[in-house]
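Colleague: As you go down the protein sequences, you meet chains A and B in turn.
Take 1 as the starting number for the first sequence in my numbering and just add one per residue.
Take 1001 as the starting number for the second sequence in my numbering and just add one per residue.
Rather than coming from a laboratory, the hints here were simulated on the basis of the structure.
We put the beta carbon where it would ideally sit given N, CA and C, even for glycine.
Mixed in with the good hints, there may be bad ones.
Residues from chain B shown here face chain A by an in silico Cβ test under 10 Å; the list is partial [stated by the list, open to error]: (1) F1041; (2) V1120; (3) F1185.
Derived pair list, reagent style DMTMM-like, types lysine to aspartate or glutamate, alpha-carbon separation capped at 25 Å [as the list claims (entries may be wrong)]: (4) B/K1101 with B/D1213; (5) B/K1287 with A/E306; (6) B/K1107 with A/D138.
Below, each chain spelled out in residue letters.
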Amino acid sequence: MTDSLRTGLFTGFVALLILGTGFLDNWNLALVILNYGLISAIMALGVNLQWGLAGLFNVGVMGFVALGGLASVLISMPPVAEAWAAGGGRTLLGLAIGAAVIVGLVAVYKRMTKGRARNIILLLLTVAGFFAFRTVFDGGVAAIESVNPSLTGYLGGLNFGGDAGRDWWWMPIIAWPVGGLLAAGAAWAIGKTALGLRSDYLAIATLGIAEIIIAVLKNENWMSRGVLNVTGLPRPVPYETDLQADPGFLSAVQDLGVDPTTASTIAVKLAYAGLFAVFLVVLLILAQRALHSPWGRMMRAIRDNEVAAEAMGKDVTRRHLQIFVIGSAICGLAGAMMTTLDGQMTPAAYQPLRFTFLVWVMVIVGGSGNNIGAVLGGLLIWWLWVAVGEYGPDLMIWATSGLHADSALKASLIDSAPQMRFLVMGTVLLLILRFSPRGILPEK
Amino acid sequence: MEFLNGLVFLTNFVIVPALAYGAQLAIGALGVTLVYAILRFSNFAHGDTMAFGTAVTIKVTAVLVGIGVTLGPLPTALLALPVGIAATGLLVLGTDWLVYKFYRVQKAKPVILVIVSLGVMFVLNGLTRVFIGVRDIQFADGARFVITVQQFKAATGLDEGLAIRTTQAITMVTAAITVAALFWFLNKTRTGKSMRAFSDNEDLALLSGIDPDRVVRVTWLIVAALATIAGVLYGLDKSFKAFTYFQLLLPIFAAAIVGGIGNPVGAIAGGFLIAFAEVTVTYPLKKVLTYWLPESMAPEGLVQLLSGDYKFAVSFMILLIVLLFKPTGLFKGQSI
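Please take these sequences and the hints and turn them into a complete structure.
Modeller: Shown next, in the form of structure tokens:
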């Protein structure tokens, strides 16, 4: 089977699954799957750059996705003027002090010669800096969080459009690349410290850093309300209620002969799908260009043999840092999109199994090192993830129909059907690793 | 007196909980470090192996309590523990035969085995959730306290009380027995010695006639026992929830790596180090300092360095610092 035939067949199969869901069940569900599938595909593209192209084992995807979500809040929500007046300056000053202390620590560590004097200065600077930071910062935070805590209690975002930010409907789209930038910044700092580690140490380090990012998002209420969640994020697409009141839309719907409520929900989802698809296609083209460029060949050379590549004069550490930042930025972009699509930021919803390891399953099943494979793997695995949760219980009722109606086993099996997702994902991953270790679309 | 009160307060709220938590982490980290030493990969499925073993133990405990068998003041779960260990042992031998063996024979790269263990992690996580559900389960029964605050105050006449829960005492006793048994096995028995030889130099071990399959089988059985014991102790002390066990993976790995991965002594030291750091940094120390410092220097704030949700951050700061400055860990671990 040629490569292009294989790609075509796989694309057709994924399209068939999503369209089949639409025809056989309902189009709203199919479009929800498609929208989240497109976002998952972007995440898979990011991870594939890191793992497939450079062999970096990053299991901190969740952290970068969450940072993207944070950017969505910080850019697309309206600012809270009272909170800024109450403690904005002081909080920022506190953060500046914290940053200055860290810069100072690094400078002392690098400039001074090794010895007891350096250790003492480092220790003193750390302790003094920590208390200075907490004194200034805590006061600002307390002031911000006391401003109308049930509704705001945070600084808000940068969307100065009227009507709770709805007038500037394009702000969320701006937030997406900003999410990428935020994730890139974090990735740079992490990469600088952790990329020198061996593969499985890097894995543990990134896993931990992702947890730390989530802990920060859950606790720092002044930033994005923590576990109180930010809801009602502005949308880049029309609202269903507005569409239903729009005479132009209503007459168009009438000509098609569809119920206006259903039509409006589908129209909104289609608009999102269009936006996401544009981003995905652009990123995919860029990733393909990168893969086949001299830079991509250099990356694969480094992945396959670091020592040889270094001997040929390639700066392995720099290249690793570069691709770690780029891949993480793509995950951040996808994370910002997801938060906009959800319309809310809920830090408690970030779970490593769903946001890190599922993306890994997508990449490995799709074919690590193959961009198209990763994208299709993203769509396929996302479909499977939703399908098992959606149809699993029905399937379980059918499968246990032979059992006695009030047997305890039957009840517990039906109850646990939604948990089958993890079982199915693990089995799929293990089967692929065993029988087709290079994925469905192997690297060329 | 002031000093003693401060010390008792610190013992009650920091030292005893941290000792119990440290013992749990240490047994968990021993499992991770053994897999690393013998099978040479980081087993991401370890947290879920712990969850599975605990889930089986909980089910057996429920049956035992149902037919009226209890251990009196001790938790019934201790009686059910051997069954949990046996079931987990069968499970890990099964996964090794079905999954890991294929890659071992191929001599796959360690990172491939790590990814394979991610798949096993998903499957075990799903199995546990299907088997026992996602609820929070309390399964400690028997007496709640060895010493209560009132008893301690009455006995010593101090203002501050010290309570030791049964689960904390059991954790420490069980951990001591487990660790002693493990070290005796590794250092004194023939099989244990062959395992250490295999870990030090695989080729040399094979040349001297050590059966690699047997070493691997024994390792998995020990790992299953350690995982189940750690899981049950943690569950007795706190509570059982499938997702919490997955999260325990982080401090356990931190403990194993900080101590020097592949080194059993390091795993124990790392476990206690991580536990003490987490508890101390996230507990408000105001009262202790008020007792210990002169009145003029008594702190105004809570002296809680970081809020409790940042406990992962603590283990990972330690992990990062150790990795950056002493990559083989505090005790010399393997570096493959």
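Colleague: Of the numbered hints stated previously, which ones are contradicted by the structure, given in increasing order?
Modeller: Result: hints 3, 5, 6 break, sorted rising.
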